[in-house]
Amino acid sequence: MSFDNGDNLYVAGTFNLDVYEGGLKSNGVPAIVLEAPTSFSGVAVDHRGRVYLTVSENQIDVLPSLPTNYQPIRTITSPVSQKLITTIAVGR
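Going by the numbering used here, the first residue of the sequence shown is number 1298, and it counts up by one from there.
Hints are supplied without guarantee of correctness; some may be wrong.
To be verified - With a cut-off of at most 20 Å between alpha-carbon atoms, the simulated SDA-like pairs for lysine to any residue come out as follows: (1) Lys1322 with Pro1334; (2) Lys1322 with Asp1301; (3) Lys1322 with Ser1336; (4) Lys1322 with Asn1366; (5) Lys1322 with Ser1338; (6) Lys1322 with Ser1299; (7) Lys1322 with Glu1354; (8) Lys1322 with Met1298; (9) Lys1322 with Glu1332; (10) Lys1322 with Thr1335; (11) Lys1322 with Asp1304.
Since the hints were made in silico from the structure, they are not lab data.
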């Protein structure tokens, strides 16, 4: 789970990303539900609202702020695939 600067809550499921506008004020109803072509286990949002999703043991997809479809604007990969990335955090 992660919050953006607008207090929107991002929750990564196995094959989906749910965005709750206003976080807990959404009454549990997601404003955005993205279905992903692959599973992921972690989500983080940076200060610009970009969404970072861990999609494999060595890959992170970056989506635009408040995405409406699963179209990464960037993919970050590492040649090292020792362990599955399950947690992600971004800073300013």
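Exercise. Taking 20 Å as the top limit, are the C-alpha atoms of lysine 1322 and aspartate 1301 close enough?
Worked result: Holds, because 14 Å separates the two Cα atoms, which is no more than 20 Å.
Problem set entry | Pairwise hint evaluation, aspartate 1304 against lysine 1322, where the allowed Cα distance is 20 Å at most | holds, 9 Å
Problem set entry | Restraint check for lysine 1322 with serine 1338, where alpha carbons must lie at most 20 Å apart | Measuring from Cα to Cα gives roughly 24 Å; hence the hint is violated.
Exercise. Are the Cα positions of lysine 1322 and asparagine 1366 separated by 20 Å at most?
Worked result: violated, 23 Å
For this session: Take the C-alpha atoms of lysine 1322 and glutamate 1354, compute the straight-line distance between them, and say whether it is at most 20 Å.
Result: violated, 34 Å
Exercise. Between lysine 1322 and serine 1336, is the straight-line Cα distance small enough, at 20 Å or below?
Worked result: violated, 27 Å
For this session: Could you grab the alpha-carbon distance between lysine 1322 and methionine 1298 and see if it respects the 20 Å cut-off?
Result: holds, 16 Å
For this session: Please work out if lysine 1322 and glutamate 1332 have their alpha carbons no farther apart than 20 Å.
Result: violated, 23 Å
Exercise. Regarding the pair lysine 1322 and threonine 1335, is the alpha-carbon distance no greater than 20 Å?
Worked result: violated, 29 Å
Problem set entry | Agreement of lysine 1322 and serine 1299 with the hint, judged by alpha carbon distance not exceeding 20 Å | The given pair, whose Cα atoms are some 15 Å apart, holds under the 20 Å limit.
Problem set entry | 20 Å limit on alpha-carbon distance, applied to hinted pair lysine 1322 and proline 1334 | violated, 29 Å
Going down the numbered hints, you'll see the structure goes against 1, 3, 4, 5, 7, 9, 10, while the others check out.
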